[in-house]
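Engineer: Here the protein sequences line up with chains C, W, R and H, keeping their order.
For the first sequence, this note's numbering gives the first residue as 173, with consecutive numbering after it.
For the second sequence, this note's numbering gives the first residue as 173, with consecutive numbering after it.
For the third sequence, this note's numbering gives the first residue as 173, with consecutive numbering after it.
For the fourth sequence, this note's numbering gives the first residue as 173, with consecutive numbering after it.
Please note that the accuracy of each hint is not assured.
Pairs of lysine-lysine, PhoX-like flavour, derived with a Cα cap of 20 angstroms [stated by the list, open to error]:
id : chain 1 : residue 1 : chain 2 : residue 2
1  : H       : K237      : R       : K270
2  : W       : K237      : C       : K270
3  : C       : K238      : W       : K270
4  : H       : K238      : R       : K270
5  : H       : K270      : R       : K237
6  : W       : K270      : C       : K237
Source of the hints: derived by calculation from the structure; they are not laboratory data.
Okay, here's what each chain looks like letter by letter:
Number of protein chains: 4
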Amino acid sequence: MSNQQNDPALEQLALRLQDFAQQRDWGQFHSPKNLASALIVEAGELLEHFQWLTEEQSRNLPADKKQAVAYEMADVLLYLVQMATALDVDLIEAANAKIGINGGKYPVENVRGSSRKYDER
Amino acid sequence: MSNQQNDPALEQLALRLQDFAQQRDWGQFHSPKNLASALIVEAGELLEHFQWLTEEQSRNLPADKKQAVAYEMADVLLYLVQMATALDVDLIEAANAKIGINGGKYPVENVRGSSRKYDER
Amino acid sequence: MSNQQNDPALEQLALRLQDFAQQRDWGQFHSPKNLASALIVEAGELLEHFQWLTEEQSRNLPADKKQAVAYEMADVLLYLVQMATALDVDLIEAANAKIGINGGKYPVENVRGSSRKYDER
Amino acid sequence: MSNQQNDPALEQLALRLQDFAQQRDWGQFHSPKNLASALIVEAGELLEHFQWLTEEQSRNLPADKKQAVAYEMADVLLYLVQMATALDVDLIEAANAKIGINGGKYPVENVRGSSRKYDER
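Okay, chain C solo, but in the shape it has when bound (with noise of 0.2 angstroms):
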């Protein structure tokens, strides 16, 4: 069983990692501690591919390296899902959570087009 009940997706990849890890024998690796630092390491990995572009050449990605930025975030995804099953957080929940009160931290009528408050955020 996973935590992910709220979305059947997030729950079936949930569950696809917990048997992937549980197969290999991998699961003692993967305190929350470490599972953070992988993540940490792929959110690298998909910076790396866009750390000399533009900010324009980074909006039109030729299809190849379109494909590998798209794994490159599906790992990163995959860590979160497996740090969410092994705290027992709602990911769904926690995001629609954050999107709140980011709401009350960023009121529209202070923050709109203004990009010195948005630095501040």
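Fit chains W, R and H to the known structure of chain C by using the hints.
Structural biologist: Here is chains W, R and H on its own, set in the frame of chain C:
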């Protein structure tokens, strides 16, 4: 319209985030390059909670710390979903494809119970 | 001319890196924003060596792994020095000033032997 | 004793940091694994200053932001020096060796003025 059509919960998140950014006129800042930077910055804030903990401590977080960790995980997911929208990537599809690829890279019979092999993944 | 005048070894590194980039016409890519991205990407490659190790294993690396780690540490330093040149920051001066600031934030009598306080630093 | 013998300024930093940690009994937390995590967390705080800026803006920071950036760069250096002490790595020697290796990987005649080649480095 977003791109997470295969998953209602992610699709709803994507749409909320699009509204959120449009209301604040933030789309101009949300190039894939910048979103990849913001994502790793959040991954750093997530790892910060674990950096001095033992693995054992990370498996047994007190409730207030677990809540803080859940919100950092949410921030990572929120930027990941915004990248997916910007690049028209289906996260669930990419994640399932990537699990298949990883299964080929780490066959059970080669890596089971081996931390050496595991270390090299 | 660089900006690491207070330290001959860093100054020499800075000058070698300026030559290296000029010969390749790479200065156009070396905005502080891009260098900060490149630095964290290298920090990810460094962390990758440790992500599945126990702390104890990380204190006892085999020689070949230690060499690989040393080169990743070098890459972090090389981008840090290039940022220092681009922003005209004296790294040694900033580092010494920061140790002083940290001493004020974590007084010995408050934090000694306390992992709780430590965790909150 | 530290390991930065080839550079008096880094050696002095290393010794100050050893004193700092010993006074607080923090050596127990400073495994290379944890220091690599702390380093990337600081690299994230550094990148945070740049994530929504244009490259042009990042080349022209206001004075107060430049000071904040300098202190984040200092934090990265401080953890790098502590890793060097823990692993007995000579940072300056490793950095100079790495420049040599990079010169072989990116020969001037192959990569000059080419963003494509640059992107693949």
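Engineer: All hints are to be evaluated individually against the structure, with a verdict given for each.
Structural biologist: To see whether the hints hold, each was checked on the structure:
no.	hint	verdict
1	K237(H) x K270(R)	15 angstroms, holds
2	K237(W) x K270(C)	15 angstroms, holds
3	K238(C) x K270(W)	14 angstroms, holds
4	K238(H) x K270(R)	14 angstroms, holds
5	K270(H) x K237(R)	15 angstroms, holds
6	K270(W) x K237(C)	15 angstroms, holds
In summary, this structure violates none of the numbered hints.
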